[in-house]
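Novice: Listed below are the residues making up each chain.
2 protein chains.
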Amino acid sequence: MAPSTEQPETPPRRRPGGRTARVRAQVLDAVLAELGEHGYDGLTMEAVAARSGVHRATVYRRWGDVGGLLADVLDAASDDAWRPPDTGSLTGDLAALNQEIQDAMAARPSVMAALIAASFRSEKAERAQRRLWEDRYTRCEIVVDRAVQRGDLPPGTDARRLLIAATAPLYHQLVLLRTAPDPDLPAHAARTAALAAAAGAFAPGERHGKDPAKF
Amino acid sequence: MAPSTEQPETPPRRRPGGRTARVRAQVLDAVLAELGEHGYDGLTMEAVAARSGVHRATVYRRWGDVGGLLADVLDAASDDAWRPPDTGSLTGDLAALNQEIQDAMAARPSVMAALIAASFRSEKAERAQRRLWEDRYTRCEIVVDRAVQRGDLPPGTDARRLLIAATAPLYHQLVLLRTAPDPDLPAHAARTAALAAAAGAFAPGERHGKDPAKF
Numbered sequence: 001m002a003p004s005t006e007q008p009e010t011p012p013r014r015r016p017g018g019r020t021a022r023v024r025a026q027v028l029d030a031v032l033a034e035l036g037e038h039g040y041d042g043l044t045m046e047a048v049a050a051r052s053g054v055h056r057a058t059v060y061r062r063w064g065d066v067g068g069l070l071a072d073v074l075d076a077a078s079d080d081a082w083r084p085p086d087t088g089s090l091t092g093d094l095a096a097l098n099q100e101i102q103d104a105m106a107a108r109p110s111v112m113a114a115l116i117a118a119s120f121r122s123e124k125a126e127r128a129q130r131r132l133w134e135d136r137y138t139r140c141e142i143v144v145d146r147a148v149q150r151g152d153l154p155p156g157t158d159a160r161r162l163l164i165a166a167t168a169p170l171y172h173q174l175v176l177l178r179t180a181p182d183p184d185l186p187a188h189a190a191r192t193a194a195l196a197a198a199a200g201a202f203a204p205g206e207r208h209g210k211d212p213a214k215f
Numbered sequence: 001m002a003p004s005t006e007q008p009e010t011p012p013r014r015r016p017g018g019r020t021a022r023v024r025a026q027v028l029d030a031v032l033a034e035l036g037e038h039g040y041d042g043l044t045m046e047a048v049a050a051r052s053g054v055h056r057a058t059v060y061r062r063w064g065d066v067g068g069l070l071a072d073v074l075d076a077a078s079d080d081a082w083r084p085p086d087t088g089s090l091t092g093d094l095a096a097l098n099q100e101i102q103d104a105m106a107a108r109p110s111v112m113a114a115l116i117a118a119s120f121r122s123e124k125a126e127r128a129q130r131r132l133w134e135d136r137y138t139r140c141e142i143v144v145d146r147a148v149q150r151g152d153l154p155p156g157t158d159a160r161r162l163l164i165a166a167t168a169p170l171y172h173q174l175v176l177l178r179t180a181p182d183p184d185l186p187a188h189a190a191r192t193a194a195l196a197a198a199a200g201a202f203a204p205g206e207r208h209g210k211d212p213a214k215f
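Protein sequence lines correspond, in order, to chains A and B.
Heads up, the first sequence is in full-length UniProt numbering, so the first residue is 1 and it goes up one at a time.
Heads up, the second sequence is in full-length UniProt numbering, so the first residue is 1 and it goes up one at a time.
Worth flagging that the hints you see were computed from the coordinates, not collected in a lab.
It is possible that some hints are incorrect.
Pairs count within a copy or across copies, as identical chains cannot be separated in the list.
Mimicking SDA-like on lysine to any residue, the simulated pairs with C-alpha atoms at most 20 Å apart in a straight line are [said to hold, decoys possible]:
id : residue 1 : residue 2
1  : K124      : I101
2  : K124      : D135
3  : K124      : I142
4  : K124      : D41
5  : K124      : Q102
6  : K124      : A203
7  : K124      : L177
In this text, all values refer to a predicted model and were calculated from it rather than measured experimentally.
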């Protein structure tokens with residue numbers, strides 16, 4: 001991190017790490033607010049600098065461009081303590097997870113929707129979005145681990161495939177098909193994935209060697 | 001459609017409908033070629049006009065902007081005679097459909113990937129992409145109808161939900177997570193949806209009234 005000599009509003013006696021972290025928080029909060037209000041097309045380095053109260057030269061030097069700002073927002077999102085819901089059942093956990101996704105996407109303004117859209121505009125944002133999704137799916141694997149521990153699923157169940165099967169219909173409807181949020185979909189997609197799991201769709205060895213046309 | 005007086009290369013004796021259709025085909029072919037080679041960011045009205053051999057004033061007047069070009073490409077895609085594969089089994093049909101999706105997305109250059117990305121950049125392209133997806137999912141409902149007729153699924157099965165459950169993991173991986181194509185995924189996602197369908201996930205009445213936490 002470069003020093004922030006252009007910030008007269010920051011007392012020089014504070015230690016650099018604290019100031020660096022504080023400047024980052026101010027700027028990322030401003031990005032989220034601007035993104036939520038104006039979307040990717042309304043996001044500018046100038047507006048973020050003005051809103052954050054951080055000198056524009058600092059914003060340019062440290063984040064480079066709008067893609068750099070978005071990438072840092074996404075990376076910062078991985079720093080939280082988020083854990084998937086723990087409801088006591090596989091279907092319940094997946095339904096609660098899907099409800100979180102649907103609520104985040106349906107929020108007006110939706111920062112999540114703006115960030116996903118931005119990942120189609122900026123390679124930096126795309127890479128950061130991929131890192132964030134990887135982080136989230138990795139954290140969600142505990143949902144499947146718990147189901148295995150309860151004896152509801154066989155050991156070796158393909159957690160990632162199960163999680164993607166459960167959540168993909170939400171993203172498909174909301175991000176790609178852009179249909180209005182369906183209040184039944186979070187629970188239904190969860191139940192569908194759980195029924196498939198109970199039927200062995202994600203069991204060890206299921207991945208290879210099957211001829212789908214023969215099923 | 002406005003007359004195309006700026007096209008000295010077109011003999012004036014041809015009838016307007018034929019010329020209009022021919023101009024459209026030339027321009028849309030040029031859009032696909034430019035999009036495949038350069039992606040959305042490389043797509044310009046000037047390049048499309050130059051490549052198509054159609055006068056730039058005609059291109060501007062008739063399509064307005066890049067979003068208008070993309071929207072027309074998407075609308076033209078619905079004019080084809082595409083039908084979903086008919087393999088004799090639900091899983092086979094869904095796997096073949098998923099393979100078509102994966103092949104189209106994995107093509108280099110991928111026009112499909114460029115068009116989806118463009119739908120995050122242009123409202124006209126977004127609306128046209130939604131119309132195309134609606135058209136494709138409607139055409140695919142025959143896959144579920146055939147399974148019902150064979151007695152493999154109960155009458156009243158929710159075809160749209162089943163189709164989205166089967167195809168969403170493909171789009172999620174390729175468009176949003178942007179992972180490398182997984183050669184097993186088309187068949188696996190198809191089989192997962194078919195197993196869930198066999199377990200009643202898309203049966204009539206399944207949509208409402210279930211408490212997922214109790215499953």
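Novice: All hints are to be evaluated individually against the structure, with a verdict given for each.
Specialist: Against the structure, the hints come out as follows:
Taking the shortest alpha-carbon separations for K124 and I101, neither the intra-copy value of 23 Å nor the inter-copy value of 26 Å comes in at or below 20 Å. In the homo-oligomer, the alpha carbons of K124 and D135 lie at most 20 Å apart inside one protomer (17 Å), although the nearest pairing across protomers, at 34 Å, exceeds that limit. When the C-alpha separation of K124 and I142 is checked against a cutoff of 20 Å, the pair qualifies neither within a copy, at 29 Å, nor between copies, at 41 Å. For a Cα distance limit of 20 Å, the shortest separation of K124 from D41 qualifies both inside one copy, at 16 Å, and across copies, at 15 Å.
For the identical chains of this complex, K124 and Q102 are neighbours neither inside a copy (25 Å) nor across copies (25 Å), given an alpha-carbon limit of 20 Å. In this assembly of identical chains, the alpha carbons of K124 and A203 never lie at most 20 Å apart, being 36 Å within a copy and 43 Å across copies at closest. In this assembly of identical chains, K124 and L177 lie within 20 Å of each other by CA distance solely across copies; the values are 14 Å between and 25 Å within a copy.
Of the numbered hints given earlier, the model fails hints 1, 3, 5 and 6; all others are met.
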